[in-house]
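S.K.: Whenever a hint applies, use it, and build me the whole structure from the sequences.
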Amino acid sequence: MCYAADRPLIESGSSGYLGQVQVIMRGKTECYECQEKPKQVTFPGCTIRNTPSEHIHCTVWSKHAFNQLFGEVDIDDDVSPDMKAEDPEHPNEEPSQEEKEAEVAGAPKPIGTRQWAESVEFDAEKVFDKLFTQDIEYLRKMTHLWKERKQPTPLLFARAMTMGKALSFDDAQNQSSEVWSIATCATVFATCIKELLKELKKSENPLSFDKDHQMVMSFVAACANIRANIFSIQLKSLFDIKAMAGNIIPAIASTNAIVAGMIVTEALKIINGCEGDAKCSFTRKTPNPRGKVFLDDLPYPPNPNCYICSASHRVFIYVNPNEMTVQGLRDKVLKQELNMIEPDVIDGNTFNVVISSDGDTDASLPKKLAELSISNGAVLNCDDFAQDLEVKLFIRAVSHLKGDAYEVSRVDEEEKKDKAEKEEARKRKVGDEVEPSEEPDAKRAKENQKEAAAAMEIM
Amino acid sequence: MSEHTENLEVSKQEQEVYDRQIRLWGIEAQNKLRNAKALVIGGTQLGAEVAKTLSLAGVDELHLVDHRLVDESEIGSNFLFDASVDNTKLTKWAAARSFLTNLNRNVKLFVDENNFFEKSDLDIETYIKRFTIVIILDQSYDHIVKLNEICRKNKVRFMAGAIFGWVGYTFLDFNGHKFLTKPENPSFPVICYEEKVKNVTDIDDDQLVLKEYSYPSFVEAFNSNFSAKKILRKCKRLVPSSYFLVKSMLTASKENKLTGDLAEDIEAILPIWEKEVVAGNHILEDQVVQPYKFDHLFGPDFIPTTACVGGVIGQEAIKAISEAENPLRTIFIYSAFDSTGITCNFPLA
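In order, the protein sequences belong to chains R and U.
For the first sequence, counting from 1, position 165 maps to 165 in my numbering; every step adds exactly one.
For the second sequence, counting from 1, position 130 maps to 1130 in my numbering; every step adds exactly one.
By construction, these hints were calculated from the structure, which means they are not laboratory data.
Backbone N, C-alpha and C fix where the C-beta goes; we use that ideal spot for every residue, glycine too.
A couple of the hints might just be wrong.
[What the hints assert, rightly or not] Subject to a maximum C-alpha distance of 27 Å in a straight line, what follows is the list of computed BS3-like cross-link-like pairs (lysine-lysine):
#, chain 1, residue 1, chain 2, residue 2
1, U, K1182, R, K292
2, U, K1146, U, K1129
3, R, K211, R, K165
4, U, K1037, R, K285
5, U, K1230, R, K292
6, U, K1146, R, K285
7, U, K1146, U, K1234
8, R, K165, U, K1012
9, U, K1254, R, K285
[Unchecked claim] Per the computed footprint, the stretches of chain U lying under chain R, defined by three or more beta-carbons under 8 Å from a beta-carbon of chain R, are:
#, stretch
10, 1044-1058
11, 1309-1322
M.R.: If you want it as structure tokens, here you go:
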């Protein structure tokens, strides 16, 4: 919006000791979209459902389990074993004939976890045994998964209760930074099921995950640890699981004060007409070789490949046209990835209207792109009147992507490769000077490199 | 340093209040903060920023000293003061008391309305011994020097700081104090000994090492000799131009050159600044801030500078109390003119 209205925007944020302030001025500096933002990490469904190898996989699974039992049911969040799943690390290993037969024989009733739980009246022990014994036994039958992995060990509620000292729910809360015993996890699991069911019955809407809701968080933590134990993964404390489940970003007053101060400084410069003096700033935990704790940098110039502020407005998108649907293109690529609000899409070659914001084309939403003759090399003109944004979408067909999966790039693959090589060469030159970047932010990593280069110059 | 006989652990309730910061600096650091007694001298806007950070961090006792009354210009600019009432008959910290009390009720507040520097040296020494850290803000050169010497002698962590309009600084003296530090860090000259710490909280982390740091005194840090041959060439790189502004203001304070009249004070600063720049082997014409902008060095304090310098002071105080992370060394200077925040590891050697 600021871009459309040609008003300067100061973008900022803080995370722990790190803070950053970025001045964005249309045409003069790079815009918010010029830099690719780091994506939120997601895990493949089969890792979550079948073969967790890290605690976070169990935590994600537990959040799904919570949703299945008490929340809004999302079919993508199924927690039962995924029979069709290939082994992500050994995609070519076909399930054996035997396994296939076993699958057919055991023909799992396609019944939702919620429905099933209701059928046993949310009996904690039965739910426990279904999730942690039956489902796990089922997983064990998929022998191709366990050729190079340790098989999970099913766990019965009765057995779990004997594993270590069982603390009551309240006592367990006071041990939030300790790792609970399995018996404690089972007790907490049972208490939470009972209490959450009460809450579900009282409320009109399904419950939703809330990291600050004691019952919800305890349920997720207990579940995650039980599952972790089954898969021989190190258990974690409620405190740590909360950070993972809630994506908690630590915040402190001092960094926020500093960032706020920096924002006002830059704002004043712009208001006073000294735009040329405006700087982008970052805070560091420790001084760089020049002693700087606050790094100041002139705003970067616009990225010529940016689809928002460059003249070209080009985005390259890698999809499998035989798999991706028009709806996927609209919702995942245009709305989620490119932040469009009401996109209209016209095929640049045929001038067919692919997506219309007034709903005229809704009939073709479930169709695959290939059915509309959108294939490799297609150029889609995407228009969003809601924010006066036009983007040319270049379709690149790749066969390895499944469903609505896509990859996005601001530059053509060939150009990209070239650039990557140059980047690589530069990195090698800078060599050891580059600090191991602790920051997740890609921007900061870039910053460190620049700095290191500067340090080289002065030495 | 005072010996803590009591050693209070952070309670469950406090753990919830401090959740976000414990995730950053860990429960051990929070426990150390929980037992810390901090003294802040100077109820200026910078003092407000520092008091806010220390209060939110959750220190045990926060002692606030200032005998001066609230100035009319401070109402509405110092966020600790209730701007809807006339506070001018209250001393600075007394006017801030209710805000700070509400900010964090776990912190015990003590407001001292006496003129601190009317105490005898002996009284001061007895008084400061009980504190984990002493922070002196916006005070005269002589007072800083005197308090720094007493704190060094008694091994009390010491920080000083001031705002000069658009520029501000903080001086750190954690001489002889230990910090849990990542072992390899060539830019930090580490003196004394190393000692392996056994109970490292996170196994994934690099092994942290308890290191003792040595710091120069305030006088040593601010009277670095830039004329030595091997330092001559380094000056351009290691002495930021904002340093000369801070040094000039301090020198003017030391020599009692400041009258409070803007025109006269700018006049007084100019020759000092020229001398300092030349002594620091910098070129006058290249300075970021030229004399026509010197009015920016005098009041009212530029709030963003206060926030940035206050944030750093608060942050470094927390590091020092919790004995964690690499502390900054000797002087930190923020300049809003060019948005820089630079540490000066002075005296140069």
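S.K.: Now tell me if each hint is right for this structure.
M.R.: Comparing the hints with the structure gives:
Using a Cα cut-off of 27 Å, the hinted pair K1182(U) and K292(R) holds, with the two alpha carbons roughly 19 Å apart. With a C-alpha separation of about 15 Å, the suggested pairing of K1146(U) with K1129(U) holds against the 27 Å cut-off. For the given pair, K211(R) sits about 26 Å from K165(R) by alpha-carbon distance, which is consistent with the 27 Å threshold. Distance hint between K1037(U) and K285(R) is fulfilled; the C-alpha atoms sit about 25 Å from each other, no more than 27 Å.
For a cut-off of 27 Å, the pair hint linking K1230(U) to K292(R) stands: about 22 Å separates their Cα positions. The suggested pairing of K1146(U) with K285(R) is violated, with an alpha-carbon distance near 31 Å, which exceeds 27 Å. For the hint pairing K1146(U) with K1234(U), the CA-to-CA distance comes to about 31 Å; that exceeds 27 Å, so the pair is violated. Restraint check for K165(R) and K1012(U): the C-alpha separation of about 22 Å stays at or below 27 Å, so the hint holds.
For the proposed pair K1254(U) and K285(R), the alpha carbon gap of about 33 Å is over 27 Å, so the pair is violated. Note: the stretch 1044-1058 of chain U has 5 residues with beta-carbon separation from chain R under 8 Å; the three-residue rule is met and the coverage holds. Counting residues of the stretch 1309-1322 of chain U whose CB lies closer than 8 Å to any CB of chain R gives 6, which reaches the minimum of 3, so the coverage claim holds.
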